[in-house]
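Hey, can you work out the whole structure from these sequences and the hints?
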Amino acid sequence: MSQVVSLELEVAQIIVEALNLDVDPSAIEADAPLYGEGLGLDSIDMLELSLAISKKYGFQLRSDDKDNVRIFSSLRALTEAVGARRTK
Amino acid sequence: MRVFVDGVAVNGPGLPDWEHACRVLSGCAPYTAAPAVMPAAPQLPAGERRRASLPIKFAVDLAAQAAAHAQADPEELGVVFGSANGDLHTVHQICEALAQPEREVSPTRFHNSVHNASAGYWSIAVKAALASTSVAAQDDTFAAALLEGVMQVRAEGLSIMLAAYDVPGPPPLACACPTLAAFGVALVLRPAQTRMSRWWLEASVREGPPVATPMTVPELEGLRAGVAAARALPLLSAMAGQKPSNVDLAYAEDRRLHVELSPCA
Amino acid sequence: MEPLVLTHYTLTNCLGPGIAATRQALHQGTSGLRPCDFMDIALDTFIGRVDALEAVEIAQPLVAFDCRNNRLAQWALSQDGFELAVRDARARYGADRIAVVVGTSTSGILETELAYRIRDVDSGQLPSSFRYRYTHDTYSSAAFVRAYLGLQGPALAISTACSSSAKAFASAYRMMAAGICDCAVVGGVDSLCGTTLHGFASLELVSRRPCRPADATRDGISVGEGAGFALLERLPVGGGQAPVALLGYGESSDAYHMSSPQPEGRGAEAAIRAALERAGAAPGDIDYVNLHGTATPANDSAEDCAMTRVFGNATPCSSTKGWTGHTLGAAGITEAIIGCLCVVDGFLPQSLNTEELDPDIRGQVLLESRFVPVSRVVSNSFGFGGNNCALVLGRAS
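Residue numbers (this note's numbering), protein chains in the order written: chain B, 1 to 88; chain Z, 1 to 265; chain F, 1 to 397.
Hints were generated in silico from the structure; no laboratory data involved. If you're wondering where the values come from, they're calculated on a predicted model, not measured in any experiment. Please note that the accuracy of each hint is not assured.
[Claimed, not checked] Taking CB as the label site, the calculated pair distances span:
1. Asp31/B to Pro263/F: 24 to 34 Å
2. Ala298/F to Gln193/Z: 52 to 62 Å
3. Glu202/Z to Leu367/F: 49 to 59 Å
4. Ala95/F to Pro244/Z: 29 to 39 Å
C-beta atoms are modelled at their ideal positions from N, C-alpha and C, and glycine is treated no differently.
Below, the structure written as structure tokens:
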């Protein structure tokens, strides 16, 4: 459990750093939507985030990936995808 | 070509805003060197602000201050931004990324890398949907931008938000492309006198030799010579002086832009 | 507005050097796009690369300006008798009465990219041979063109991304209207580099295939490179190419997003309407519109919204980026000159590479080229920052 939580916090930190967000990573709610409302992210942010995730965890996320809507739906979903697909 | 100046903004080392700059440039207060203030640019929507680079925020803040000084609705102003080098920070980050084996360019930095990024962010911030341009002419960028602004006012009957700014790049680019300090100026230009019009200016291109009006305070002359946007300083001094005056700015390598300036009655 | 005549013009891009190469490719329907073979850039995409630039030698006194972007500018200037035409103009007007207005987006950034690859390991310094001011500086190509042509009039670099060299016409018009020059060399140049190829790839805006404007399955641009220049004069003096005039221009901003167009094309519409108004032309007076037509889903859809609001669906239109790729800061001049060729040749180019027209696109996109009399055309150019420019070009009567 603690490993999942720490990965979630790590991913939250990547989101905050990559997008220069003015929020505390631990304050990002696990199930809140990343896109649109909530953090106020748009399609460029999703591309920026994909780049940061691929650099850190060694797997590609292209926006034409059918799973992308689900993967980027929330911090929890993104963390699960990182956990499942990471190569580093 | 006569235009009216309704508002002015300045930001540079020891010249944090027009009010203070006006006192220094008119000789009422001594010049004290201090680093230029890097603004937070609260005018930008949150989503744009976190993506905006240092030079973008610097330029947007200048424009906002000039609009406020002119009590102008920024939506109604055409936009002319000038910068000798644009955003060297973003160029540096992109070129650094391209020198790595993965060559992964940040999409945000790429869209910030265009020379008109500052003008674009400004138009988004204030919903300015009129013509917008972004120009460069090395050391003569301020003169070229001023001339473009004046010609737009005259040819189109538009009111113009004119801004010229330069921000030093990070090393190693800073050595290849030296800029002494961050400096910027913004003017609101009008085709006809309004109740806010403070000065009128008449601009004309003259034959060489390109002898530019210098600054008498050595530190300010150093700034003028060391930053392209700071070539505006003699004009700002004339504005601060509140009396009719003539200023020459080097333009197009071997000519000069002659500016006659006078306070509005 | 007072029409200004393009008395001479020249164009170089992946279709080849000079007007003849572009004209022949347009008439024959042959694209200049090819799988990416630019330097060591390994991207799965098609590009519009100009052959032989590697072999172009910058004129001796100007070697400090040597870089891909200025080589491309010189390569274009040396075609179509353009230098001779400028020499004649210089004799007529005087070097100090001829302005130079050059649009470029990335200038010689490739030089900086290459310099960063060979930074000193210890100090991080760039190599001493690196000359930023003469290569990458935004004004470098304007300074080079001015020096190469021996001109001493007003000079300006315009850098508003992909509308840059369309806006050069507007600025040159204002200079002539203000009387600070009697004629102007206007144009633009942009060349391939890692910044734009990798940058557009990072935005997922490049296609893996040759770009397919207005196609139902379009999926992005093909990055190209090119240069073009025109001599703008009040009245045609002497011979020159069949004259076409700049009749109007319109400029606007989306004020919406840095890298996505306003979805309903509101800014594009404002620019087109302003250009028509300045030309004193009604939408029905326009025989053809050369679209910005980058072949990204967003651009072509937004532009079509603007088109149909202004023109309905009766005005033939097409993008020529299937031939040249997107030449970015040079797109405005490239497509303005293609517009001139349309008028001179009585030719309307098809939307090359478009296989299945997007059913949501309502404009009359030409799927086949045709020869018909053409009097007036509009050319659209839109750039990052929501920067829009439209030009009206037509027969100089």
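To see whether the hints hold, each was checked on the structure:
Between Asp31/B and Pro263/F, the C-beta spacing of about 29 Å keeps the proposed range 24 to 34 Å intact. Between Ala298/F and Gln193/Z the CB atoms are about 43 Å apart, so this pair departs from the stated range of 52 to 62 Å. Judged by the Cβ atoms, the range 49 to 59 Å given for Glu202/Z and Leu367/F holds: they are separated by roughly 55 Å. A beta carbon spacing of about 34 Å between Ala95/F and Pro244/Z agrees with the range 29 to 39 Å that was offered as a hint.
The earlier numbered hint that this structure contradicts is number 2, and it is the only one.
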